[in-house]
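J.: Residue numbers (the numbering used here), protein chains in the order written: chain H, 126 to 509; chain E, 126 to 509; chain D, 126 to 509; chain W, 126 to 509.
Derived from the structure by calculation, the hints contain no laboratory data.
Keep in mind that this is a model prediction, so the values were computed, not measured.
Glycine included, each C-beta is placed from N, C-alpha and C at the ideal position.
Mixed in with the good hints, there may be bad ones.
[Said to hold, decoys possible] Under 10 Å between C-beta atoms, here's a sample of chain W residues computed to sit facing chain H:
#, residue
1, 168
2, 169
3, 170
4, 190
5, 192
6, 194
7, 200
8, 203
9, 211
10, 324
11, 385
12, 392
[Unchecked claim] Calculated cross-link-like contacts (lysine to aspartate or glutamate; reagent style EDC-like; alpha-carbon spacing at most 20 Å):
#, chain 1, residue 1, chain 2, residue 2
13, H, 385, W, 169
14, W, 505, D, 449
15, E, 312, E, 409
16, W, 220, W, 184
4 protein chains.
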Amino acid sequence: MKRRVCVVVTARASYARIKSLLTSITRHCHLELQLVVAASALLDRYGSAIRYIQEDGFEIAARVYMVLEGENLVTMAKSTGLGLVELATAFDNLKPDVVVTIADRYETLATATAASYMNIPLAHVQGGEVTGSIDEKVRHAVTKLSNLHFVATEKAAERVIRMGEDSGTVFVTGCPSIDLAAAVLRKPDLTFDPIDKYAGVGPRLDLSNGYIVVLQHPVTTEYEETRMQIAETLHAVRDPGVPALWFWPNADAGSDGTSKGIRVFRENEALPNVHFFKNMAPEDFLRLIYNSRCIVGNSSVAIRECAFLGVPAVSIGSRQVGRERGRNVIDVRYDRHEIAGAIRHHLSNGRLPSDPLYGDGNAGERMAHVLATVPLQVEKRLTY
Amino acid sequence: MKRRVCVVVTARASYARIKSLLTSITRHCHLELQLVVAASALLDRYGSAIRYIQEDGFEIAARVYMVLEGENLVTMAKSTGLGLVELATAFDNLKPDVVVTIADRYETLATATAASYMNIPLAHVQGGEVTGSIDEKVRHAVTKLSNLHFVATEKAAERVIRMGEDSGTVFVTGCPSIDLAAAVLRKPDLTFDPIDKYAGVGPRLDLSNGYIVVLQHPVTTEYEETRMQIAETLHAVRDPGVPALWFWPNADAGSDGTSKGIRVFRENEALPNVHFFKNMAPEDFLRLIYNSRCIVGNSSVAIRECAFLGVPAVSIGSRQVGRERGRNVIDVRYDRHEIAGAIRHHLSNGRLPSDPLYGDGNAGERMAHVLATVPLQVEKRLTY
Amino acid sequence: MKRRVCVVVTARASYARIKSLLTSITRHCHLELQLVVAASALLDRYGSAIRYIQEDGFEIAARVYMVLEGENLVTMAKSTGLGLVELATAFDNLKPDVVVTIADRYETLATATAASYMNIPLAHVQGGEVTGSIDEKVRHAVTKLSNLHFVATEKAAERVIRMGEDSGTVFVTGCPSIDLAAAVLRKPDLTFDPIDKYAGVGPRLDLSNGYIVVLQHPVTTEYEETRMQIAETLHAVRDPGVPALWFWPNADAGSDGTSKGIRVFRENEALPNVHFFKNMAPEDFLRLIYNSRCIVGNSSVAIRECAFLGVPAVSIGSRQVGRERGRNVIDVRYDRHEIAGAIRHHLSNGRLPSDPLYGDGNAGERMAHVLATVPLQVEKRLTY
Amino acid sequence: MKRRVCVVVTARASYARIKSLLTSITRHCHLELQLVVAASALLDRYGSAIRYIQEDGFEIAARVYMVLEGENLVTMAKSTGLGLVELATAFDNLKPDVVVTIADRYETLATATAASYMNIPLAHVQGGEVTGSIDEKVRHAVTKLSNLHFVATEKAAERVIRMGEDSGTVFVTGCPSIDLAAAVLRKPDLTFDPIDKYAGVGPRLDLSNGYIVVLQHPVTTEYEETRMQIAETLHAVRDPGVPALWFWPNADAGSDGTSKGIRVFRENEALPNVHFFKNMAPEDFLRLIYNSRCIVGNSSVAIRECAFLGVPAVSIGSRQVGRERGRNVIDVRYDRHEIAGAIRHHLSNGRLPSDPLYGDGNAGERMAHVLATVPLQVEKRLTY
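Just chain H, with the same shape it has in the complex:
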């Protein structure tokens, strides 16, 4: 009998990150995929990941609406509570043999808690990384609820083990997000015009002499400052005049601050060189980044995928602090001059060689193999 593997995808970014695992599960003869699409992955205004999931041909086992509107800390907590209530129903209907949860978004704890309390073995992807803010708490709490750990780096594995997890349950698979980057590297050409294909908002730009990509998420524990922070980036990106493709942030406390910051700026000042997108098919997104001259913001894509793709990155503020990084990253503060300086540096120095720091492109297959073969159990104990 096939093992039923229930993967819970809660955001556009998580889907891109986990897609190769989904494919590996569907292809594996001893595994059956139960895909639960939840939270902002269901919502149009956060990039409607579900549309890409369906276009990619994955069958959806359950849809779990759980995002309570308000975009503040109270609704973030309540959304997680609701997710827990709803995921318990989904797991009860699906009766999976193992649940897979990804990374460290706040809703991840809903998946992890539901699975733990219902005595379903839990596998966690991307544990053991150090970053900062609320993510850090959530990630390690999920580690303590998990029975299997699929980590990206040796250092991450070491941290998970030091936290008291049995080393026999920790697998250095690399990050599955690199699998997609590896696939893109095999066919790297930008064969589409992003504005033609994805519309977006803003002026039509000439990308033939290169462009930069911007992705800046709100930092949840610094809610009030979000609007000011985004303004610094807007200035730094506008001033040099290089064409910029900018992606809207996810649904988090503060994203309203970010969105509003952008809207207010656009109304008050010209942004002749910036075009905004809400979302893009993951492959198109990576191909766009691969062909860019530099990525700017605080997305983990700049640290992980861009290391592998050799794309220079400007990492702003505290969100990625502590994460292992390659030579492609320059760290700066929320300061338009620092940001602009780092962009200029990258523009004049160009791309870097591929760095397998976060994986070699076979993470999905390795995880599927482990999920199909390890003994599954729910009980565990500190190793010390």
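Following the hints, complete the assembly by docking chains E, D and W onto the known chain H.
T.: Frame of chain H, contents of chains E, D and W only:
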């Protein structure tokens, strides 16, 4: 301005355990207590802790109903989700400076998650202990969400620090449950007749030649076996004929199995030497235990308070495995003969000297002092 | 293609009432039954209707846990809210063509609201009746949300139409509870000993010279008085010494008051002629009533089924005020003397002829026929 | 002691409608206002009613987040369930003597159910009106849960009474929305430039030769057709070239269809004469309408306030069917030619005299007087 300390009490047992902290907070000139009574602590059929709380004169800042009936794994998960939804409202109304959560019951994770997501510093009492079953996952996950750790033993402190917590945030205060035991030790006489005062169900027993106390909770990940397990204890307790005072279990998945096991046994077989109680004021409860000849079951009281009180204990099954224990404890399996043998051993050997393994009786004061004086912050990072 | 009829059963009593409809749906060649078991129908302590449902061979399409513990007005409101959250998931999964809701329990409004908001046609059983208390509000609100009305009497039909419902949507089918009574009337002998078969609590009684049956539910808007009210009945039932079979009340605000009232009475005073039951298979229950000398309390069974069965009834207090009643009913206040007097009257006068006031025993078939053949629509408008 | 009147405001439109009652309550010496702001009234993307409420100086007693993102029928049902869970907490904390709920939005049923189940008398504003779609079901269901009825017209009163409500509980106060219109009529000049003051999106328009106003909400039971319907209006409004001020719709199932329809149109075709607003202070909004040449869409403002203000209206589709209307309204189907024809007719015929069909401007005061003086009770019974 006083710091507002919000303590969330979710069960009868947690109240007994934390009472000395509540008193120390109310007495401290720089602290203000915000007491939230939630979950089974509000419910009659789990011993109505709220009644004792009110009789003890504590003001209740909010009542949070969150126990979804069903007593299975699905409703346990959903109850936690609901608790998260509801506690977010309570914290939003109360705006505490720090939240205190106790031990490792499943609802604890609702408190910890709500506080973490709302950027309120979280203090955890009784982290770093090793036991088993779902409790183990919950306890360490709460540790990873917490900013302050009040632990009972040096060994617990060491474990919390090894999990990556900053040693400056870990305080070996002793367990506050021992504070109550210490108070009881100063006035140990049983000045009331338990059946007169608390009624309960079953025959009137002559306690003048000694009695034993029984407390057996369901073990949540072994749901199906609960009824069989309780039957073994019932046989072992009935057969020697020593008067036994038996306390009903908490609300957990499986408690219905335990309750039903007891009810079926009572209907089919005589239990002439057993009287059942639902609940008791914490001091009366400890005094009753202090004056007993032996405690039987799987409650942590047998391991913690009874070490301090010098009461012999028979610890059944897996629930307390891994917990540090003193010389008063004999471990046995779910087997009527092993249980009966251990009871006989204790009855003929008598009580033991007090052992300060889990504290010296001043935990509440130490915690209040820390809560009043340490810098409070929400951000944290793994130490390695 | 068969029409999918989703029936939501939320309590033991509703199941007994609707069972003949369930059977008629399963037998109908153009209908498919989707049975949702919810609320107290899932719970052991309210008679575990689900066990009988399974024994009767009905397949369960979804289980919806929604009873929040606390048994007060706040938790009653919250339970309904939760039910709405959960039933929306069930309806989304099942995609019924029509939803059937029964009577007027508080959870009924969750079913009715979920169906209405999801644009699923709603059929209501037992609308148009007049009783009192919160039930009255709920019942007529459900009427206003419903598209089809299956009513018990001509008078009920007239009321539904006067409330502005299109007369073409109102069907006088009789009450399906009478269908079961009619089946029982065809084989009326009490072929089992209730205490042997259902155990229960209390002394073994000799039923050979007749017995009475007691069923008294809390009246939700008179919460505080519940304990006093039940005491009057307890006195009235104990004093004449006729054997009495007493059924525990449902889960409602106040049921704890009722339960506690009974428990306190039992502890303080002897009840040598009363045996308590928690639940019984519906047919056994009706057969027991048919063979009793009198039914006492405030259950609608006394008004409906007992009219048909010809069993004398003493109806206490406000709960059934306003309901059409036959000659078998004597109404009394919460007064031990009035109650006892009415019991005495019935004991000396004996049973009555069958009265088809609430139906002739074919309601289930009539409803199934309507559900299979009427045009189904969700839009509606006041007729005036 | 003052009576505590809890008013629950769930949307921008409801606030405008009820503002005069809020003022009258605060001014009344025997009433205390407890204002609960809930649902989309808290949210930026639906016009952030809360900002206006605060600017108007009302104190907010509780904020209730309840809108689950997804904007489909499932999330609409779940949002109502959540609202019920959350409002029960708010009412339990506030302990109002009476709760006031407004009109017929889907969340209204959450307020009505919470109050009814918690035995709090419920007053309903705007019952007895006939419209269509889901609103119709909700409005009359709320009537059946309500104890006091504040209706706008004699005809509405008659309908409420025919539904079985006691005529002593029905008060023809007029609609409080007219109170605001009456205040605006006393100072009717447009003293601000709407684009300067409220920004919005779209070209700067010259309003000096008149303009029209558009407000079209999705019709929830016709979800799929929403995009097509809005396109008809867009064509009809664009083609004549008269400047048009267009307001975004509320949060309802389908509003995404409406928004998307507008966005797609804007991207594909020029809209040189349309400027879009998200929200406006209620007085500014009414003043803008008063000074317009015509209002187009399906808002009830066109039927109610515009009758009083004498503004010509084009009412599109089924949403307002059945509502009493004055001579200012022309009804048309979802057809660009019909819509355009009706607009042309109004533009050439000009404004009408004020019609007090929905009130004379003193509704708020009348309601406050009733709330302060009538006996409050929760029990009720059908009058037939």
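J.: Is the shortest C-beta separation between residue 385 (chain W) and chain H less than 10 Å?
T.: 8 Å, holds
J.: Quick one, is the residue 203 (chain W) hint okay against chain H at 10 Å, beta carbons?
T.: Constraint on residue 203 (chain W) satisfied, holds at 7 Å.
J.: Can the hint on residue 170 (chain W) be confirmed by a CB-to-CB distance to chain H that is less than 10 Å?
T.: 8 Å, holds
J.: Min Cβ distance, residue 392 (chain W) to chain H: is it shorter than 10 Å?
T.: 6 Å, holds
J.: Quick one, is the residue 192 (chain W) hint okay against chain H at 10 Å, beta carbons?
T.: 4 Å, holds
J.: Would you settle whether the hint for residue 211 (chain W) is holds or violated, based on the nearest Cβ-Cβ distance to chain H being less than 10 Å?
T.: 9 Å, holds
J.: Between residue 385 (chain H) and residue 169 (chain W), does the CA-CA distance stay at or below 20 Å?
T.: Roughly 10 Å between the alpha carbons, so the hint for residue 385 (chain H) and residue 169 (chain W) holds.
J.: Regarding the hint that residue 194 (chain W) lies at the interface with chain H, is the smallest CB-CB distance below 10 Å?
T.: 4 Å, holds
J.: CA of residue 220 (chain W) to CA of residue 184 (chain W), is that 20 Å or under?
T.: OK: residue 220 (chain W) and residue 184 (chain W) at ~17 Å, within 20 Å.
J.: Given a cut of 10 Å on the nearest C-beta pair, is the interface hint for residue 324 (chain W) held or broken against chain H?
T.: This interface hint holds because 6 Å falls under the 10 Å limit.
J.: Tell me if residue 168 (chain W) is really an interface residue toward chain H, meaning its C-beta lies closer than 10 Å to one of theirs.
T.: 5 Å, holds
J.: Next item in the hint list is residue 190 (chain W). Is there a CB on chain H closer than 10 Å to its CB?
T.: For residue 190 (chain W), the interface hint holds, since the closest Cβ of chain H sits about 5 Å away, which is under 10 Å.
Consistency note: the structure conflicts with none of the earlier hints.
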